[in-house]
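In the order they appear, the protein sequences are chains A and B. For the first sequence, the residue numbers in the UniProt record's numbering are 1 to 150. For the second sequence, the residue numbers in the UniProt record's numbering are 1 to 651.
Please note that a few of the clues may not be correct.
[Said to hold, decoys possible] Over the 10 Å line for every Cβ pair with chain A, so calculated as not near, a few chain B residues: (1) L159; (2) E277; (3) R319; (4) T411; (5) G549; (6) L560; (7) E566.
[What the hints assert, rightly or not] Partial chain B-side listing against chain A, Cβ under 8 Å, derived: (8) H562; (9) S602; (10) A614; (11) I616.
[Claimed, not checked] Now the in silico label distances, taken between C-beta atoms and shown as ranges: (12) R292/B x P83/A: 35 to 45 Å; (13) T48/A x V646/B: 43 to 53 Å; (14) R306/B x V85/A: 31 to 41 Å; (15) A648/B x E76/A: 35 to 45 Å; (16) R404/B x E76/A: 32 to 42 Å; (17) G565/B x E95/A: 33 to 43 Å; (18) I23/A x G475/B: 21 to 31 Å; (19) A15/B x L24/A: 42 to 52 Å; (20) D100/A x A7/B: 51 to 61 Å; (21) A53/B x R21/A: 24 to 34 Å; (22) W114/A x S299/B: 51 to 61 Å; (23) P264/B x T48/A: 14 to 24 Å; (24) R21/A x D644/B: 49 to 59 Å; (25) R137/A x R292/B: 43 to 53 Å.
Rather than coming from a laboratory, the hints here were simulated on the basis of the structure. We put the beta carbon where it would ideally sit given N, CA and C, even for glycine.
Residues per chain are reported as follows:
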Amino acid sequence: MHALTIRLQDEIFALEATSVREILDTVPITRVPNAPDFVGGLINVRGTVVPLADLRVVFGMQRPPTDQDTRIVVVEFELDGEPLVAGILADKVHEVTEIDAGSMEAVPAVGMRWPPAFIRSIGKRGDGFVIIPDMQRIFRIEAGLDAAAA
Amino acid sequence: MTSTDPAETFRHEAAGLLEILEQSLLDLEKRPDDGDLVSSAFRALHTLKGSGAMFGFTAVSSFIHDFETAFDKVRKGEAAATAPLVAAALRAKDHVAALIADESAVDPQKGAAILRALAEAISAPAPNGSDWLVSFRLPDNALIHGTNPKLLFAEMQSLGACEILDRSVPVAPVGEIDPDFLYLGWAVRIDGAVELPAIEDVFLFIRDDMELTIERSDGGKQENATAEEAPPQAARASEVLRCEPESDASSSAQKDKTATLRVPAERLDELMDRVGELVIAQARLSQLAVSRHDPALVSIAEDIERLTSSLRDTTMGTRMVPIGTLFGRFRRLVHDLSRDLGKQVTLVTSGEETELDKTVIEQLADPLVHLIRNAMDHGIEPSAERRASGKGDTATLRLSAAHRGAEVAVTIADDGAGLDTARIRAKAEASGLIAPGAVLGEADVNRLIFEAGFSTSRSVTSLSGRGVGMDVVKGTIEGLRGSVDLASEPGYGTEVTLRLPLTLAIIDGLLVRVGSGRYTIPLAAVEECIELPKNAGEMRGRSFLDVRGELVPFMRLRDLFHADGEADVYQKVVIVSSGQIRIGLVVDQIIGNNQTVIKQLSRLHSTLKTFSGATILGDGTVALILDVMNLVGFGQKLEETRRDDVLARAA
Chain A
1 MHALTIRLQD EIFALEATSV REILDTVPIT RVPNAPDFVG GLINVRGTVV PLADLRVVFG
61 MQRPPTDQDT RIVVVEFELD GEPLVAGILA DKVHEVTEID AGSMEAVPAV GMRWPPAFIR
121 SIGKRGDGFV IIPDMQRIFR IEAGLDAAAA
Chain B
1 MTSTDPAETF RHEAAGLLEI LEQSLLDLEK RPDDGDLVSS AFRALHTLKG SGAMFGFTAV
61 SSFIHDFETA FDKVRKGEAA ATAPLVAAAL RAKDHVAALI ADESAVDPQK GAAILRALAE
121 AISAPAPNGS DWLVSFRLPD NALIHGTNPK LLFAEMQSLG ACEILDRSVP VAPVGEIDPD
181 FLYLGWAVRI DGAVELPAIE DVFLFIRDDM ELTIERSDGG KQENATAEEA PPQAARASEV
241 LRCEPESDAS SSAQKDKTAT LRVPAERLDE LMDRVGELVI AQARLSQLAV SRHDPALVSI
301 AEDIERLTSS LRDTTMGTRM VPIGTLFGRF RRLVHDLSRD LGKQVTLVTS GEETELDKTV
361 IEQLADPLVH LIRNAMDHGI EPSAERRASG KGDTATLRLS AAHRGAEVAV TIADDGAGLD
421 TARIRAKAEA SGLIAPGAVL GEADVNRLIF EAGFSTSRSV TSLSGRGVGM DVVKGTIEGL
481 RGSVDLASEP GYGTEVTLRL PLTLAIIDGL LVRVGSGRYT IPLAAVEECI ELPKNAGEMR
541 GRSFLDVRGE LVPFMRLRDL FHADGEADVY QKVVIVSSGQ IRIGLVVDQI IGNNQTVIKQ
601 LSRLHSTLKT FSGATILGDG TVALILDVMN LVGFGQKLEE TRRDDVLARA A
């Protein structure tokens, strides 16, 4: 899998490289009152308003304020048959790399710090692990889209 | 340039022409004598035939050729536009539409059957042999201008057998007669074989000021019969001339055609996007110019601002479509439904000129179809029942549109039986929508018809009664961020009002600050801004403001948005309204007016009802746009609870 690796707190996550549209320095974030924390912000990406998602909320991580390493990864992917553009807040962006499909493993049912439902698989890279999140499921559940559809 | 499929171009053109044809036919049913309508239908047919053949739609053009032949008889006055003819012509029009959509899917037998019906309708009443009855009266000063009636008679006589009838016209008393004045009018009977245009030509140069009617007369009529006394069937079988010679009419239609341009909708959308970006860039320029204190730059920025705002208005104007284009489609629906249901219904429309954004109009079509079907199927009673309750046989269905503040209200009202609240209640209890014996007001019970899966009709008809429909209507309108109002008076009818926000791509907004966040309020909804009085009492826990003697509920946006930081010492209230209801929004600071480009919120935020969208400010940050209608709804609830409180105290 061709992937962009980012750091969220002390974990490395891999986003599918084909879904990444661009990487931005931090921009002013507009808070959306009463929205779920996960998608509590809006940013201006060259004239379009894009929701900003914070995966750290989903994985129950701490959320320190932005620093000089913070970046916004703009991703575009299919969600329920329609394209969705969103910004993902990353504590640091590492690199575009190849993750060997053979090294990817299913999520162990026990012994995980993070909610397994939101993780598609875990890959190995060097001597560390890379978490490959299930973006579709995260956005559908965390942004309340299921509730909206019902 | 994008290359376009010629067949597609034809389909676009044909859709427009078919619509003209349908409208003319429907009008013709009501005014069978109107020569304008016959010619407009004929022109549409003729153009369709020509371009159909040009684009290789041979089946279309050959069918239209026969259709046109039949219709030409009507145009020449050889056949009358009777109800059966109009019905057959409408079927033929549908057939043409089907042929254009997909030639191979249409059964040729059907086309032949329609043509037979047309031919029958044409030949049935043959007013062919009857004579023309020409009655005319020249202007008083005709003689002074040198018109000689005798020459007119001579010219008519040259056309064919001609008989001059007297036509009694009041003449001034003998002493007051001015010999230069023409007091007389005449009626002339001309042989029926004469072509209508030939008779018109006689009056070609004096047509403007005179009174002229040319009709088919009944052959066996009395010698002294006048045009006014013509029996009704003769009048129906006649063709009354109301227009200038036809060549003029068609050239004016030609002029209209060159003045309008067909543009693909997506190009307009693209243009709107570009203008939106321009507006944002211009706002940044203005901000920069002010901060640089350079008079030259400021003056350019002001020019750009003026240009941008007029460009914005023009662009928006191109997207606005009068709602009449939509109403037109429903005439056919009502026409067909009233035949299928055996109920006589007249559709009365008003406010056709009310303009709405084209995307809103498009999405409005389905809900309106549902509502009209419901009104005709359930709302309007059968004729017998109507007579019993003292109403006329013919029911009236009113479809109207009007601007109300920042909204457009579209109303569908019938004069039928009204909603049967008891039956709705029983049905709702049976299907478990409400608990048996639940205490609900009449209006609340009536609103249950908007619930999914609700239908009171005991029989499922082909039109409605499947319990889908009203909830779809509500869903679609709410999707457009509008709302649905329902009013019903038992025995007098039902009225459904769709309120649609004027949401367009760009609006004028009032920028305010709440805590550290900035928000835009649509300016059209803003009534006034006042300072929040220090003693603005939270009356018994609820907030009301005394604005010149009226109690206006207010809401602190700081609380609603959980704003951080300290509240400003001097808070302001922006009073907004929607319809009759007003509400005050307490903000920290009013920043000023700005042009707001509305950007839709993504699906991730679609559940938030307090915001209708977002916009990008001059400094590049995003600001949310408040959804006034929803906030006002919130205020309305406050108001209602207050009233209940007052009532409870009084009791």
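Violations among the numbered hints: 2, 6, 15, 18, 21
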